[in-house]
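**Q** Start from the sequences, fold in the hints, and give me the full structure.
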Amino acid sequence: MTATVRDAAPVAPPAPGRSWRDRLRGPSVFVLIAVLALVVAPLLLEPFRLGLLAKYLCFGIVALGIGLAWGQGGMLTLGQGVFFGLGGYAMGMYLKLHDAGGDLPDFMVWSGVERLPALWIPFENPVFAIAFAVVGPVLLAVLLGSLVFRQRVRGAYFAILTQALAAAMVILLVGQQGLTGGTNGLTNFFDLFGQDLAADGTQRGLYVVVAAVLGVLYLVAWQLVRSRFGRLLVAIRDGEDRVRFLGYNPATIKTITFAVSAGMAGLAGALFVPVVGIISPALLGVVPSLELVVAVAVGGRFSLAGAVLGAVVMGYAKTSFSEEFADGWLYLQGALFILVMTLAPKGIFGLAATLRDLLPGRRARA
Amino acid sequence: MSGTLLEVRDLSVVFDGFRAIDGVDFTVEQGELRFLIGPNGAGKTTLIDVITGLTRPASGSVRFEGWDLVGRKEHEIVRMGVGRTFQTSVVFEQLTVVENLDLAASFRRPLWSLARRRRGVSAAVEAAMATTGLDALAARPAGVLSHGQRQWLEIGMLIAQRPRLLLLDEPVAGMSGEERSRTGELLVEIAKDHTVIVIEHDMDFLRRYASQVTVLHEGKVLVEGSVDQVRSDPRVQEVYLGRAEDRDKRPAGGGRAGAAGEGRTGSAGAEPAEGAAVGSAAGEVT
Numbered sequence: 001m002t003a004t005v006r007d008a009a010p011v012a013p014p015a016p017g018r019s020w021r022d023r024l025r026g027p028s029v030f031v032l033i034a035v036l037a038l039v040v041a042p043l044l045l046e047p048f049r050l051g052l053l054a055k056y057l058c059f060g061i062v063a064l065g066i067g068l069a070w071g072q073g074g075m076l077t078l079g080q081g082v083f084f085g086l087g088g089y090a091m092g093m094y095l096k097l098h099d100a101g102g103d104l105p106d107f108m109v110w111s112g113v114e115r116l117p118a119l120w121i122p123f124e125n126p127v128f129a130i131a132f133a134v135v136g137p138v139l140l141a142v143l144l145g146s147l148v149f150r151q152r153v154r155g156a157y158f159a160i161l162t163q164a165l166a167a168a169m170v171i172l173l174v175g176q177q178g179l180t181g182g183t184n185g186l187t188n189f190f191d192l193f194g195q196d197l198a199a200d201g202t203q204r205g206l207y208v209v210v211a212a213v214l215g216v217l218y219l220v221a222w223q224l225v226r227s228r229f230g231r232l233l234v235a236i237r238d239g240e241d242r243v244r245f246l247g248y249n250p251a252t253i254k255t256i257t258f259a260v261s262a263g264m265a266g267l268a269g270a271l272f273v274p275v276v277g278i279i280s281p282a283l284l285g286v287v288p289s290l291e292l293v294v295a296v297a298v299g300g301r302f303s304l305a306g307a308v309l310g311a312v313v314m315g316y317a318k319t320s321f322s323e324e325f326a327d328g329w330l331y332l333q334g335a336l337f338i339l340v341m342t343l344a345p346k347g348i349f350g351l352a353a354t355l356r357d358l359l360p361g362r363r364a365r366a
Numbered sequence: 001m002s003g004t005l006l007e008v009r010d011l012s013v014v015f016d017g018f019r020a021i022d023g024v025d026f027t028v029e030q031g032e033l034r035f036l037i038g039p040n041g042a043g044k045t046t047l048i049d050v051i052t053g054l055t056r057p058a059s060g061s062v063r064f065e066g067w068d069l070v071g072r073k074e075h076e077i078v079r080m081g082v083g084r085t086f087q088t089s090v091v092f093e094q095l096t097v098v099e100n101l102d103l104a105a106s107f108r109r110p111l112w113s114l115a116r117r118r119r120g121v122s123a124a125v126e127a128a129m130a131t132t133g134l135d136a137l138a139a140r141p142a143g144v145l146s147h148g149q150r151q152w153l154e155i156g157m158l159i160a161q162r163p164r165l166l167l168l169d170e171p172v173a174g175m176s177g178e179e180r181s182r183t184g185e186l187l188v189e190i191a192k193d194h195t196v197i198v199i200e201h202d203m204d205f206l207r208r209y210a211s212q213v214t215v216l217h218e219g220k221v222l223v224e225g226s227v228d229q230v231r232s233d234p235r236v237q238e239v240y241l242g243r244a245e246d247r248d249k250r251p252a253g254g255g256r257a258g259a260a261g262e263g264r265t266g267s268a269g270a271e272p273a274e275g276a277a278v279g280s281a282a283g284e285v286t
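Here the protein sequences line up with chains A and B, keeping their order. First residue of the first sequence? That's 1 in this note's numbering, and the numbers climb one at a time after it. First residue of the second sequence? That's 1 in this note's numbering, and the numbers climb one at a time after it.
To be clear, the hints were calculated from the coordinates, so they are not data collected in a lab. For each residue, glycine too, the CB sits at the ideal point set by N, CA and C. Any given hint could turn out to be false.
[Unchecked claim] DEER-style ranges, computed between Cβ atoms:
#, chain 1, residue 1, chain 2, residue 2, range
1, A, SER146, B, ASP25, 37 to 45 Å
2, B, PHE15, A, ASN125, 52 to 60 Å
3, A, ARG23, B, ASP16, 54 to 62 Å
4, A, ARG23, B, PRO39, 26 to 34 Å
5, A, ASP327, B, PHE15, 32 to 40 Å
6, A, THR342, B, ALA127, 41 to 49 Å
**A** Here it is as structure tokens:
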């Protein structure tokens, strides 16, 4: 994926007149990884590990959106959990209603709710639920973006705003016990489209779907990055005020990008729920939103591959580290973040470029 | 190419009670090359900021081809055909020269078509590269350009936008003597088929390349006319040229940037005839 990364990296330009070997390197690495992920991994990994990988890939989809919005567009969004949660709850509501088979979902009965709330009714339809998982976050992002970016709110103010949104979302969900399941969220799902969710085959199929969705979205994001739109996004990141004098409205470009990243997070949330079997406020609040941003920074926010890799690696590291030392992970995560931010601001994926810049003589020219 | 392109009427701009521009009337005809001069704080850049939508005036109107520009957003004014450069050139360092130019040339494309990749180099970009002489640097990131090359890239981006009115804010600030001559020629070249307003501090540059000059002083228009008229006006000599001529003996713009006077020889400081100046400028270009 080296060629891909070079295209997405901020410094290196796509060299004109690249040889065929150079041109094919990116796509062939992509195909190789796709084959590994879609064919080899399901055959080799035991169901438990495959399920974990599917979960990390869901985070990878969110990270892809963060890479677009933050890495390319400079919008530090600390509230992707909100969009992830919208997608997750939409899917969770469908699964709950499906399992209840015409009755009230179990947690509503325990909360003393007697009639299905009107908000839930459309989610009986799986098509609506899945469509909402994407369209809901996109609409919310468009609304937020067109209000915020038009007023030229950016930088830390935008970051704080999105973080506040994540905090507000958690309060809202926890407060509405009967409607949302409160702190427990939605869980105890049994059946997805007639398939037993606990069965190995279902989980393997879900994994393949998640991996395929990530692959397709990666291609979409990659095309966006190398298009004029992508160049414009980088220009806005580096000099938003100057872009206005090129005749573009930065607010429009940023809103579109933010909406794309929100849609990705929403879809990731919808996939996450059947894979992991739960969606709750703890999975979408301030901390999980931040964790993903940290993962993207560690992986390398200026390249899409770095962002995805960061999320997958950090997800894996969290699980395996927490198995050994329960509380150690938090410290390690913080230390990693500080290390990357101070020593390698382009992340693991940009390590080569960072080192190249450090070499004497290189800096003056490049 | 005749008729009024830009008409500024009774314009006032107030910053915290300070009148940066105070009742300015200013008209530019189609096809003109107009120089805007004046001491620091005269309101030159503020005037351009108002025309391009960066600053809101307290009162007055700015009409471009009959359309009022006051209250419009920056990008809308660009879309109407008014382009500008900045004193401190701002180019996108992470993008290549050709990508910078291509973005400048592409704003009229429909939004959805931006999702496609750039293939090849459009005619507008090609022309802008040829005019500014940046062809050889096309694939380099703009971040590696020298100060002079950045200014040219900015001018190139302006040309690539194909505006009907170009506003250049101190295009030769901080340039070496050779780069100044090169920029002056570029300016003359551009002015052949564009309407251009140039803010410039440098009197030597003005003498070489200006024809019509507007002098601003303390937010008001002091004098307007040909270079000779303006230079012989006693009021201008008092507020501006007197000081500027003193300054001319030293490397010009010394306070602004050390590089300003570099490469300037004694002969360039003297007063060559207009034609001879352009001739010698051509000789200096490498």
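**Q** With reference to the structure, classify each hint as holding or not holding.
**A** We went through each hint and held it up to the structure:
Distance hint check for A/SER146 and B/ASP25: the Cβ-Cβ separation is about 39 Å, which falls inside the suggested range of 37 to 45 Å. Distance hint check for B/PHE15 and A/ASN125: the Cβ-Cβ separation is about 59 Å, which falls inside the suggested range of 52 to 60 Å. Taking the beta carbon of each, A/ARG23 and B/ASP16 are about 57 Å apart, inside 54 to 62 Å as hinted. Separated by about 57 Å at the C-beta atoms, A/ARG23 and B/PRO39 break the suggested range of 26 to 34 Å.
Between A/ASP327 and B/PHE15 the CB atoms are about 55 Å apart, so this pair departs from the stated range of 32 to 40 Å. As the Cβ distance of A/THR342 to B/ALA127 is approximately 46 Å, the hint placing it in 41 to 49 Å holds.
Comparing the model with each earlier hint shows violations of hints 4, 5; every other hint is respected.
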